[in-house]
Amino acid sequence: MRKFNIRKVLDGLTAVSAAASASSAAQQQQAGNRETEIQETLQSEHFQLCKTVRHGFPYQPSALAFDPVQKILAIGTQTGALRLFGRPGVECYCQHDSGAAVIQLQFLINEGALVSALADDTLHLWNLRQKRPAILHSLKFNRERITFCHLPFQSKWLYVGTERGNIHIVNVESFTLSGYVIMWNKAIELSSKSHPGPIVHISDNPMDEGKLLIGFESGTVVLWDLKSKKADYRYTHDEAIHSVAWHHEGKQFICSHSDGTLTIWNVKSPTKPFQTITPHGKQLKDGKKPEPCKPILKVEYKTTRAGEPFIILSGGLSYDTVGRRPCLTVMHGKSTAVLEMDYSIVDFLTLCETPYPNDFQEPYAVVVLLEKDLVLIDLAQNGYPIFENPYPLTIHESPVTCCEYFADCPVDLIPALYSVGARQKRQGYSKKEWPISGGNWGLITQSYPEIIITGHADGSIKFWDASAITLQVLYKLKTAKVFEKSRNKDDRPNTDIVDEDPYAIQIISWCPESRMLCIAGVSAHVIIYRFSKQEVTTEIIPMLEVRLLYEINDVESPDGEQVPPLPTPGTGSNPQSIVPQSHPSTSSSSSDGLRDNVPCLKVKNSPLKQSPGYQIELVIQLVWVSGEPPQQITSLAVNSAYGLVVFGNCNGIAMVDYLQKTVLLNLGTIELYGSNDPYRREPRSPRKSRQPSGAKMSRKLSLPTELKPDLDVKDNSFSRSRSSSVTSIDKESREAISALHFCETFTRKNDTSPSPCLWVGTTLGTVLVIVLNLPPGGEQRLLQPVIVSPSGTILRLKGAILRMAFLDTTGSLVPPAHEPWREHNVPEDKDEKDKSKKRRPVSVSPSSSQEISENQYAVICSEKQAKVISLPSQNCIYKQNITETSFVLRGDIVSLSNSICLACFCANGHIMTFSLPSLRPLLDVYYLPLTNMRIARTFCFTNNGQALYLVSPTEIQRLTYSQETCENLQEMLGELFTPVETPEAPNRGFFKGLFGGGAQSLDREELFGESAAGKASRSLAQHIPGPGGIEGVKGAASGVVGELARARLALDERGQKLGELEEKTAAMLYSADSFSKHAHEMMLKYKDKKWYQF
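When we follow my numbering, the leftmost residue of the sequence shown carries the number 1273, and every step to the right adds one.
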């Protein structure tokens, strides 16, 4: 506490000393009065951090399950995640704490529960009857490895097959083992000398629950009689088995093998298969066996009342189909359809009308889980069309390179984007409704529109409707189509400079009110777009080339002096990490034969048809300078009211008037300072110290702010990507532009009224102000030049500048000026023209009186600290050191509960918020233990307490830092489980009932219960109680009657504490044990590897 007070005293001193240098004592008095007037309403109780929803395709999927009654799909992943999907808009994410891969999922059909089997030999029972599913029980196998599980419909006994070939039986209600075990040596022929291998399949005969079909990997299949505890039949085949499936009548089953064959067996004829099929084998004439094919990894056998059965399989292609895409094969009668997939198949399931295995299955669709996609195939229509996927699973269609988040947008934006995006929809989908339709939507308590924009490696940009914790793609823009694509490598003038993603988006600047969009790409290009509902054909694409040069003056360095080295290419902080690609026809060279005045990409010179949506206004490209590639753009801003776009890199800053298509400003960073440069910079020749243009350089998407200080924390994966080889002189001379903000404010200390200007922040913590002198609106704006000049105002902070914003006298945010959107491609009538002449840009602070000199506050956030500066006096009235040992990755000034605050995300994983203008700390939560480059590049805060980041290459994680949203979240989440009647069992028919031909039931309790089977060995598996029970109540308690329920819950919990102590001890022992096991496994895995082989 004492430390905080000292800081406040110091802040006070700095404010006083700054104020003393102001023009008069009266002004100081005025400032004091102003400060006390601002009432800050935000308190720490307004803040709470929690994850809300996760969108996108489950990263590295490994398992699939479907509940045919509830109509819910579950997907497990290699990192222990569980994603559940119901109707569009109902989805849920859960995580197994161990992080072990999910190897199998089994629904308790229509029970609202799910069993997961993990690679660490644990079984978990999930309760899906609560909005946030939780684990009720876990069972850890100690001596055996789980390979396959089977839970018969409407049974509470789960069969668990192991690597040793044994089968154990688990009571799903109590999650305890039965004493009944099927040992491998009892199941196979006693005369067999070899072990049959792990269990790859278990299922009961659809017509007789007392008979269990067991598939061993080596090729042996056993039909086991559960009552007599012996094998009825053994079926041996000399090819390894991958999967087994029953015909619904229980008289036949089908096996898939590693040589690409299918064998169909009659249950009562174990000597040889009834039929052998090689779906993709070339039939040889002499009756010889077909050539072997790739393994058939899975087969399903589904019957229909009216026609032939379906045999559906994955894999099995012949070995000569090199380069062929993975396929799903559908065999129906005499027809065989081979459906090519974009990615390899992880698993597939056939969706059927009935949950009963002893009825005609009537398959209607196949859900195929691919490595990076989820595909649903309609089996009922000719040609097997796919269903249009309503889930937002295409975030990663091209890798995400940046994203922005806008909450509380203008209400007409989403309909406008949707209407232009609707024209981009593909045709040829199935006409039927999406078959995964379970669950119910939550209540929509948030009414404001939210938009997420993602930029991608292929140059595309996607706009998403993110309102009310859902996600839906609205519109896709392809920025690369403005450039010529080089046909092959020979086209490139410099083939040793290669870049896979020359169009990758690096920065997005968007004005939601005017709908102006500006992007900066990795090839040092900037494109400005206008939104239009009309289609246009642009004859000549307007373009500008800018020669942004880093040069103090071209004096040769004395021979004795060493030129400071540049960072080695390939590091995250490399200011030169650009690999250009150019078209030969644009190449030119300077007198000494080096490439000069050439952009990295060539703009098309043919007419460009532009569909409704975003249309190109101007393309700006930085060019090569004397054999040097242009540097990556590190900051970007666009302003529709001024008609200006500005961008900067580590060489300098350029401003363009996009209405007149002219370059207004092109300055090296040092020239911005004029005579006020605080650094003593060595004059040096840029040419001498740089690398020759032929050097191969890797271009990585580095952080927009370059040359960050190296961290002390060496083990942080994020800090490792930094280069610390930059000398201090070079750090100063390579000062990059890191933040840009257009505004209408006071530019100099003695200003009496605000005027349009640009605030520029650099990586060395300097803020400079450039004055903009704009001509009047209307036609004059297009005829007279915009005059820009540095104001001489310089402010300093510690660390690179990240964000700037302005507050008025009441402490409200002053947004940058903007023009309201209007259709640009329709000629204006005379009245409109007159209006546009008079039209002033919307914005300007609601300042009460102009004669008062203290009128605004500038809020500036850097990597290390935040300052609030009173304008025009430029006194620093508040200061907060955000972090000493780390640095801020993202800072945003956002609105929340009719007030505003500064939200920061640090490289050490902390999320913090500060009040404005006083910068009181309101929230500080250690959120992310490990920050990697992907999270660092994509984390962003927005209004109303919302934030997001890319949690994996395919998924967006949204979170909230608002207490109100956290409290409403339970109501907003969808329900997975809905009460549904289980369909009636199939009618056995009169004759079958009379002569006993129908399904045989079995009293499993009698066989597997403790009284009959005895207790299982204690050392075999260990029961761990899950947190699911009490969590369910907690979830329900945060609803409308939250307070009463919480009080009651507190009493219940006190009573439970003693009883839970023993269970908690068991759980702690288990987690300690699993941690030591994981640590040991990791040590073995990496023991002989060097760091660069990981």
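Think of the hints as simulated: they come from the structure by calculation, not from any bench. Glycine residues also receive a C-beta, built at the ideal position from the N, C-alpha and C atoms. Hints may contain errors.
[Said to hold, decoys possible] Here are the simulated DSS-like pairs of lysine-lysine, each with C-alpha atoms no more than 25 Å apart in a straight line:
hint: 1; residue 1: K1750; residue 2: K1703
hint: 2; residue 1: K1560; residue 2: K1697
hint: 3; residue 1: K1753; residue 2: K1697
hint: 4; residue 1: K1544; residue 2: K1570
hint: 5; residue 1: K1570; residue 2: K1757
hint: 6; residue 1: K2070; residue 2: K2151
hint: 7; residue 1: K2287; residue 2: K1502
hint: 8; residue 1: K1540; residue 2: K1502
hint: 9; residue 1: K1428; residue 2: K2287
hint: 10; residue 1: K1757; residue 2: K1874
hint: 11; residue 1: K1933; residue 2: K1876
hint: 12; residue 1: K1499; residue 2: K2287
hint: 13; residue 1: K1805; residue 2: K1748
hint: 14; residue 1: K1697; residue 2: K1644
hint: 15; residue 1: K1554; residue 2: K1502
hint: 16; residue 1: K1876; residue 2: K1753
hint: 17; residue 1: K2021; residue 2: K1933
[Unchecked claim] Here are the in silico distance ranges between beta carbons for each label pair:
hint: 18; residue 1: S1466; residue 2: E2243; range: 58 to 64 Å
hint: 19; residue 1: K1465; residue 2: G2286; range: 42 to 48 Å
hint: 20; residue 1: K2287; residue 2: K1606; range: 28 to 34 Å
hint: 21; residue 1: T2157; residue 2: Y1690; range: 42 to 48 Å
hint: 22; residue 1: P2047; residue 2: K1753; range: 29 to 35 Å
hint: 23; residue 1: C1322; residue 2: Q2294; range: 52 to 58 Å
hint: 24; residue 1: P2047; residue 2: G1700; range: 19 to 25 Å
hint: 25; residue 1: P2047; residue 2: T2157; range: 48 to 54 Å
hint: 26; residue 1: D1510; residue 2: Y1615; range: 29 to 35 Å
Taking the hints in turn, this is what the structure says about them:
no.: 1; hint: K1750 - K1703; in the structure: violated, 28 Å
no.: 2; hint: K1560 - K1697; in the structure: violated, 49 Å
no.: 3; hint: K1753 - K1697; in the structure: holds, 18 Å
no.: 4; hint: K1544 - K1570; in the structure: holds, 21 Å
no.: 5; hint: K1570 - K1757; in the structure: violated, 42 Å
no.: 6; hint: K2070 - K2151; in the structure: holds, 11 Å
no.: 7; hint: K2287 - K1502; in the structure: holds, 20 Å
no.: 8; hint: K1540 - K1502; in the structure: holds, 16 Å
no.: 9; hint: K1428 - K2287; in the structure: holds, 17 Å
no.: 10; hint: K1757 - K1874; in the structure: holds, 8 Å
no.: 11; hint: K1933 - K1876; in the structure: holds, 18 Å
no.: 12; hint: K1499 - K2287; in the structure: holds, 18 Å
no.: 13; hint: K1805 - K1748; in the structure: holds, 15 Å
no.: 14; hint: K1697 - K1644; in the structure: holds, 20 Å
no.: 15; hint: K1554 - K1502; in the structure: violated, 41 Å
no.: 16; hint: K1876 - K1753; in the structure: holds, 8 Å
no.: 17; hint: K2021 - K1933; in the structure: violated, 33 Å
no.: 18; hint: S1466 - E2243: 58 to 64 Å; in the structure: holds, 59 Å
no.: 19; hint: K1465 - G2286: 42 to 48 Å; in the structure: violated, 31 Å
no.: 20; hint: K2287 - K1606: 28 to 34 Å; in the structure: violated, 55 Å
no.: 21; hint: T2157 - Y1690: 42 to 48 Å; in the structure: holds, 46 Å
no.: 22; hint: P2047 - K1753: 29 to 35 Å; in the structure: holds, 34 Å
no.: 23; hint: C1322 - Q2294: 52 to 58 Å; in the structure: violated, 32 Å
no.: 24; hint: P2047 - G1700: 19 to 25 Å; in the structure: violated, 53 Å
no.: 25; hint: P2047 - T2157: 48 to 54 Å; in the structure: holds, 49 Å
no.: 26; hint: D1510 - Y1615: 29 to 35 Å; in the structure: holds, 32 Å
When the structure is compared with the earlier hints, violations turn up for hints 1, 2, 5, 15, 17, 19, 20, 23, 24 and for no others.
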